[in-house]
Amino acid sequence: MALAVVLILLVVGSVVFHFWSPWWFPPIASNWGTIDDTIILTFWVTGIVFIAVNLFMAVALIRYRAREGQKAAYEPENKKLELWLTIVTGVGVVAMLAPGLFVWANFVQVPEGAAEFEALGQQWHWSFRLPGKDGVMGTSEIAFVSQQNPFGLTPDDPDAQDDLLIEGDPLHLLIDQPVKMLLRSKDVLHDFAVPQFRVKMDLVPGMVTYAWLTPTAIGRFEILCEELCGIAHHAMRSLVVVDDQASYDAWAETLPTFAETMAAVPGDAAAGEALYPVCGACHGAQGEGIQLLNSPKLSGQEDWYLKRQIINYKQGRRGTHQDDLFGRQMAPMAATLFDEGAIDNVIAYIGTLPDTPAEATVTGDVERGERLYEICGICHGVNGQGNWGVSAPQQAGMSDWYMVTQLKNFQRDIRGGHPHDAFGRQMAAMAKILGDDEAINDVVAYINTLQ
Amino acid sequence: MAYVAIADQVQELHDPTTFIRKYIWSQDHKVIAIQYGITATAVGLLALVLSGLMRLQLGFPDTFSFIDPVNYYQFITMHGMIMVIYLLTALFLGGFGNYLIPLQLGARDMVFPYMNMLSYWIYLLAVLVLVASFFIPGGPTGAGWTLYPPQAILPGTPGADGGILLMLVSLIIFIVAFTMGGLNYVTTVLQARTRGMTLMRMPLTVWGIFTATDLGLLAFPALLVSGVMMTLDRVLGTSFFMPAVVSMGEQLDYAGGSPVLFQHLFWFFGHPEVYIVALPAFGIVSDLLSTHARKNIFGYRMMVWAIVAIGGLSFVVWAHHMYVSGMNPYFGFFFATTTLIIAIPTAIKVYNWTLTLWRGNIHLRVPMLFAIGFIFTFVHGGLTGLFLGNVIVDIPLSDTYFVVGHFHMVMGVAPLMVVFGAIYHWYPKMTGKMFNETLGKIHFWVTFLGTYFIYLPMHYLGFLGVPRRYFALGNTEFLPDSVQSLNASITVSALIVGSVQLIFLYNLISSLFKGKPAGPNPWGATTLEWQTPDTPPTHGNWGPALPGCYRWAYDYSVPGAEWDFLPQNFPPEGATIDSDGIVRSTDGTPA
Amino acid sequence: MDRSWETPGIPEDVQADGAIPTTPSAKIGLGFFLAVVTSMFSLFTVAYIMRMEYADWQSLPDPGLLWLNTIMLILSSVAMHRAKRAALRGEVRGVRTGLIISGVLSFAFLAGQLLAWRHLNAAGYFIANNPANAFFYVITGLHGLHLLGGLWVWGKTITKVGRGLEVRDLSLSVELCTTYWHYLLLVWLVLFGLLLST
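Residue numbers (the numbering used here), protein chains in the order written: chain Z, 1 to 451; chain S, 452 to 1042; chain U, 1043 to 1240.
Isolated chain Z (complex conformation) (with noise of 0.2 Å):
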C-alpha cells in the first residue's frame, strides 16, 4: 500500500517538478525552434504513457494486494489486449519519429547561400576562421601546423591567402544570416555546442564535419566542448558574439589575413633597445623584475606569451578588474607601445637580455608541490619550460612571488575574468584546482626547483 502511494507521490511529484522547477532550456537564439517543438512533443508522448503506466501499475497494487482466501486470475495472455496494446504504441512511436526525422532533414540539408565560418579545436582552446572575400576557405595540412601558421593553412593556395584567422578571440555571427559551421580538430574529438543555439557536432581529426544554423538574436553565448578531451576539458571554452550588420562589420575590418600573420617581420632588437627603458624602470635593467615593484622577470619568456600579455592589457582584457592593482598600474604603461611592430622590437629585444633564473623566494612543501605540479605540467611542460603548442608560458627560473599572486588572481577571477581572455579564462579555471594558498606555495616552491 505505501509503495502504491509513493509511486503516485512519484509521479505527480515529477510532473509538479517539470512544470514548476526553474530549470529548462536556456531561452534559444538559432532558427532551430523546430528542434524544440519535437522535444516538448516527445515529452507529451512518454509523460503520458509515464503517468498511465505508473498509475495504472499502482491502482493494480491497491486493489490486488494479497489478501487472505483471495486468488490470483489465471490468464496466460490476452491476444487482443495485446494486438491493441502493440498498435497504439505503434502510433505514438510514429507520432515522435516522423517530425523528428522531418527536422532531421533540414538538419542535414544546409541552406544555399549559408555562410561559412571554420572552428579549430585542440586541447584546449577554439580558434576560428572566416573564408574571407572571396568566399572560399583555403585547405589545410596538419602537416602544416607550426607557431606561425597555427591553423595549418596550405601556404600557397591562393584561396587561403584572404582567409581571416581569429586565435583567442570570441566568433561574431552577423544575425538572421544563416551559416554553415565547419569543424575541425588539430588533435583529439572535441564538440562544438553553444546551448542556446541547440546544435552541436564532434570535431573529429583528419576530417571536416559541419552543422548549420541561422542566429536570431543579438547577443554573446558561451561555446563549450562537450565531447571529453583531456584533462582540462571543462576549461575549453569560447564565445560567439551574434551581432548586427554594423557592430559584424567592424569586427571583420578587424581580423588579420593568413597572408599577413604569414608576412610577419619578427622584431627588431636594436630598435627595441629604444623603447625598453620605459619597461626597464620597473622590470629591471636587464629584465630581471623587481619585487618591490611588483614587477615580474620578463627575461627568459617566451615572446608570443609576453606579446599577448601586451595586447590584452591594451585591450582592457588584462589590468581593468577594480582589485587588479599591479595590473592597473601595467595598463597605462602598455598602452605606450602604440603599434604592434613596437611590441614586437620591444620583446625581440628582451629575448637579448641574459635569462638568469630569479631568486627564489617562496618557500612550501616541494614534495606535495611536485604532485600538485603533475597536472600544470602536462601544458606547461614537465620542467616548466612553456610550450606554445598549448599557449602556456614558461614557468622556471621566473619569478616565483609573481606567480603566487597571478595563481590567486586567477582563482579570484580578477585575472582571466574577462570574457574575452580567452586563455586567461582557461587558466582560471585550472588554477581553482590548486584550492587554499598553502597548496600555491608547495606548486611554486616545486617550480623553483625546475631548470
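No wet-lab data here; the hints were simulated from the structure.
A portion of the hints provided could be inaccurate.
Per label pair, the in silico range of CB-to-CB distance [stated by the list, open to error]:
1. Z:PRO266 - U:TRP1099: 39 to 49 Å
2. S:LEU956 - Z:VAL59: 29 to 39 Å
3. S:LEU956 - Z:ALA114: 52 to 62 Å
Mimicking SDA-like on lysine to any residue, the simulated pairs with C-alpha atoms at most 20 Å apart in a straight line are [unchecked claim]:
4. S:LYS892 - Z:MET1
5. U:LYS1198 - U:ARG1138
6. Z:LYS408 - S:LEU956
7. Z:LYS408 - S:SER516
8. S:LYS892 - S:LYS967
9. Z:LYS408 - S:PRO512
10. S:LYS892 - Z:LEU10
11. Z:LYS80 - S:TRP756
12. Z:LYS71 - S:HIS814
13. Z:LYS133 - Z:GLN177
14. S:LYS892 - S:LEU956
15. S:LYS892 - Z:TRP251
16. U:LYS1198 - S:LEU569
17. Z:LYS432 - S:PRO968
18. U:LYS1198 - U:GLY1136
19. Z:LYS133 - Z:TRP251
20. Z:LYS71 - S:GLY975
21. S:LYS884 - S:PRO968
22. Z:LYS133 - Z:ASP159
23. S:LYS892 - Z:ILE62
24. S:LYS892 - Z:LEU9
25. U:LYS1069 - U:THR1221
26. Z:LYS71 - S:TRP1014
27. S:LYS892 - Z:ALA2
28. Z:LYS133 - Z:ALA250
29. U:LYS1198 - S:MET566
30. Z:LYS79 - S:TRP756
31. Z:LYS180 - Z:ALA114
32. Z:LYS180 - Z:ALA105
33. Z:LYS71 - S:ALA1012
34. Z:LYS432 - S:THR514
35. U:LYS1069 - S:MET566
36. Z:LYS71 - S:GLU1013
37. Z:LYS408 - Z:LEU325
38. Z:LYS432 - S:GLY925
39. U:LYS1069 - S:TYR565
40. Z:LYS79 - U:ARG1138
Built from N, CA and C at the ideal position, the CB exists for glycine as well.
For chain Z, the structure is supplied; the task is to place chains S and U on it using the hints.
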C-alpha cells in the same frame, strides 16, 4: 531444436572432497556463480566509492584537494567500465547465469564444467589487471569508459602511458573469460534441459540470460577487434584509428586513421552490451513479479518473442550513440528509425509486467518491492531513451547530463533493482537462510527514492545545457547559481544511497549466521531450482534422479488446483505439495 | 511457438528417461565458438573495407609465397578430412596418417606465413607504414593464432592416438578438428581473396 536433450548421462561429475576442490578450484556451477558474484560485488564496491568521490567534486567543487582533473577523469572512466563490464555483465551472466541455468533447467551442472571454472579464474585475472592500473605510474586511464581515440592514447589524457594498455589488456582477458562462460551457458541451455523442459517451458530468466549471452558472444568480438587495433596503434604506431595530429604542439607520426571507425566498432559492441545487461534483468524480473503476484506471467509467448526481437534489433541501432560524432548524417534517418522500433517490443514487456500484477494476489515482500522499483525506474529510463534515440531530439541533449541521467536510470538503477531483488529472492536457496526483512525494506526504500532524487534532476541539468564529463562548471554565463545547489543535493543523495548499500551487505553476511532457516521453497515458486532435495543444493543438484518437467514455469493460481502454485515437476496425473513447497508423489515419496 | 501452458505432461516426441542428446555438446559448443570467431573476422573485414576508403591506403604487393601457403592449408584440410573418414570407418592407421600429415602441413603453413612476414619486412613493408600493411599483419597474425590453438587440440588428439585409444574414443576429437580446420581454411580463403582483390 528438438527437445530431446538430457545431459544427465554424458556428464562426468567430479565429486570434490577437499576444501580447495570444493570452494576454490571448484567446477560446481553454484560455487563458480558465487565466486563470480563476490568478485563482481567487490569490484563494484570500488566503482561505487569512485562515484562517491566524483560526486564530492561535482557537488562541492574546489573543496577537496585530493580530487584533481587527473584522478577525476580516472574515477569516471574506471567507474563506468567497472559498472558496465566487470560488475553488471559478470554478475548477470557469470553470477546469476551460472547459478540459475542448470538449476532452472533441471541439469546437474554446466556442460563444460572445467571450462566454466577457467572462465571464472580468467575473469578474476582481468579484474586484477584492471585494478593493477591504479598502482602503476600515471595511474589508470582517464579516457572515459568509451576509450575514444585519439584521446585515449595521447598525452593530455591521464594514464595514456600504461593505464590505457592495462585497460585494453584487461578487456581482452575479460572477453576470453566471457567467451568461455558464454559458450557454456548457451550450450547448456540447448543440451542439458531435463526431460520435458521444452524451450517454451523455460522460465523467462533463462530466456533472458540465454539471449543476452548470444548477444555477448557476437558483440564482444567487436570490442576485442577495436581493443587489438588500438593496442597496436599505441604500441607499434599503426594508424588504424589515428589520423595525423599535432598533440601539444608536436607533430606525431600517425596518418590517415579514422577515429569514427573506432566508434562504430565500439558501439557495435556497446549497444548490444546495454541489452546484455538488460535482458537478464527483464527475464529475472518477470519471474519475480509472477512469483510474488501469485499469477502467471502475462503474455509469455509475447515476452519470449520480445526478448529475442530486442536482442536481434540491438545489432542495428548502434550508431544512435554517434549522432553528433561527425559520421555521415544520412545514417541518422536509419538509426533513429530502428532505435524507435525497439521501443515497441520493450513497451510490450512493460505492459505485460504491469498486466501480470493486474488481478494478481500481490505479496509485497522485499524481492517484489525491488521488482516494482525496477518497473518504475525502467519505464523512466526507457522513455527518456526515446528522446536520445530520435536523432534530432538527441542533438541538443547529447553529451549533457540528460544522457547521464538516462543511462544511469535505464542501465544502472533499473538492472541493479533486479540484482538486489534477485539476490533477496534466491538468497534463501543459496544459503538456506532467510534474510532480515526489515533491513531489506530499509535498503529498498532508501535506494529506490534516493536514486530517483539523484537522477531525475540530472535530466533537467541536461536541458539547461550542463555538459557531462566536466570536472567543474566554473563560470558559465548561462547557468543559474541554482545549478550548484542542485548538484550539491544530488551529491548528498548519492552519498546516502551509497552508504545504505552497507546495510545490504551487512544483511547478507549477518543473515548467514543469524537468519532463520528458510526451507526449500519459501516463496512457493514453480521453477525447478526450488525443488532441489537439499537447500542449499549440493553438488550435482538433484540427488539420484533428475526432476521431470511437466508444465510451463508459470502455473500460479491455476483454476481448480488445490495449491496456488504447481511447480514444473508437478505431474499431470496429480501429486501433493508438502508444507515446504516440495512436490511429493501421492504416496509421500519425492516426485 | 506453442501455447506451452495448455498441455502439461511430457511431450510425446521426448525420448524416455536416460536418453542421450543426439548431438554431442562439444559440437554445439564448437559451433557457437565458430560463430564468435566469424563475428570477429567479419568485423575485421568490415573495418578493412571501411579503412580502404581513405586516401592514404597503399595496397601491399601480393607475396607469391601466400599461394604456396594456401595450397598447404588446403592439403592440410584435406588430410584432416581423410582422418575423419578413416575414423568413421574405424581405421586407426588412417586416422594417424591423416592427423600427422595435416599437422605437418599446418605447421608448414604457419612457417610459410612467418616467412612471408619476414619477406615483407625485409622489403620495407613495416606494420606502421600504412594501414594496408597493418591490416595484413593483424589479420594473418590472428588467423595464425587460431590455427595454433587448433594445433594444441590436434596435439592432444595425436597423443590419444599414440596412447593407443580405440577409434570410437577418438572420432569426436577428430571430427571437431576437421570442422575447425575446414572453417579456418574457409576463413583464410575469404581473407586471402580480400587481400588479393585490393
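Hint check:
| no. | hint | in the structure |
| --- | --- | --- |
| 1 | Z:PRO266 - U:TRP1099: 39 to 49 Å | holds, 41 Å |
| 2 | S:LEU956 - Z:VAL59: 29 to 39 Å | holds, 35 Å |
| 3 | S:LEU956 - Z:ALA114: 52 to 62 Å | holds, 59 Å |
| 4 | S:LYS892 - Z:MET1 | holds, 14 Å |
| 5 | U:LYS1198 - U:ARG1138 | holds, 13 Å |
| 6 | Z:LYS408 - S:LEU956 | violated, 46 Å |
| 7 | Z:LYS408 - S:SER516 | holds, 16 Å |
| 8 | S:LYS892 - S:LYS967 | holds, 17 Å |
| 9 | Z:LYS408 - S:PRO512 | holds, 17 Å |
| 10 | S:LYS892 - Z:LEU10 | holds, 18 Å |
| 11 | Z:LYS80 - S:TRP756 | holds, 17 Å |
| 12 | Z:LYS71 - S:HIS814 | holds, 12 Å |
| 13 | Z:LYS133 - Z:GLN177 | holds, 17 Å |
| 14 | S:LYS892 - S:LEU956 | holds, 13 Å |
| 15 | S:LYS892 - Z:TRP251 | violated, 65 Å |
| 16 | U:LYS1198 - S:LEU569 | holds, 18 Å |
| 17 | Z:LYS432 - S:PRO968 | violated, 57 Å |
| 18 | U:LYS1198 - U:GLY1136 | holds, 17 Å |
| 19 | Z:LYS133 - Z:TRP251 | holds, 14 Å |
| 20 | Z:LYS71 - S:GLY975 | holds, 14 Å |
| 21 | S:LYS884 - S:PRO968 | holds, 5 Å |
| 22 | Z:LYS133 - Z:ASP159 | holds, 10 Å |
| 23 | S:LYS892 - Z:ILE62 | holds, 18 Å |
| 24 | S:LYS892 - Z:LEU9 | holds, 19 Å |
| 25 | U:LYS1069 - U:THR1221 | holds, 9 Å |
| 26 | Z:LYS71 - S:TRP1014 | holds, 10 Å |
| 27 | S:LYS892 - Z:ALA2 | holds, 12 Å |
| 28 | Z:LYS133 - Z:ALA250 | holds, 15 Å |
| 29 | U:LYS1198 - S:MET566 | holds, 16 Å |
| 30 | Z:LYS79 - S:TRP756 | holds, 14 Å |
| 31 | Z:LYS180 - Z:ALA114 | holds, 6 Å |
| 32 | Z:LYS180 - Z:ALA105 | holds, 15 Å |
| 33 | Z:LYS71 - S:ALA1012 | holds, 11 Å |
| 34 | Z:LYS432 - S:THR514 | holds, 10 Å |
| 35 | U:LYS1069 - S:MET566 | holds, 15 Å |
| 36 | Z:LYS71 - S:GLU1013 | holds, 11 Å |
| 37 | Z:LYS408 - Z:LEU325 | holds, 13 Å |
| 38 | Z:LYS432 - S:GLY925 | holds, 9 Å |
| 39 | U:LYS1069 - S:TYR565 | holds, 16 Å |
| 40 | Z:LYS79 - U:ARG1138 | violated, 60 Å |
Comparing the model with each earlier hint shows violations of hints 6, 15, 17 and 40; every other hint is respected.
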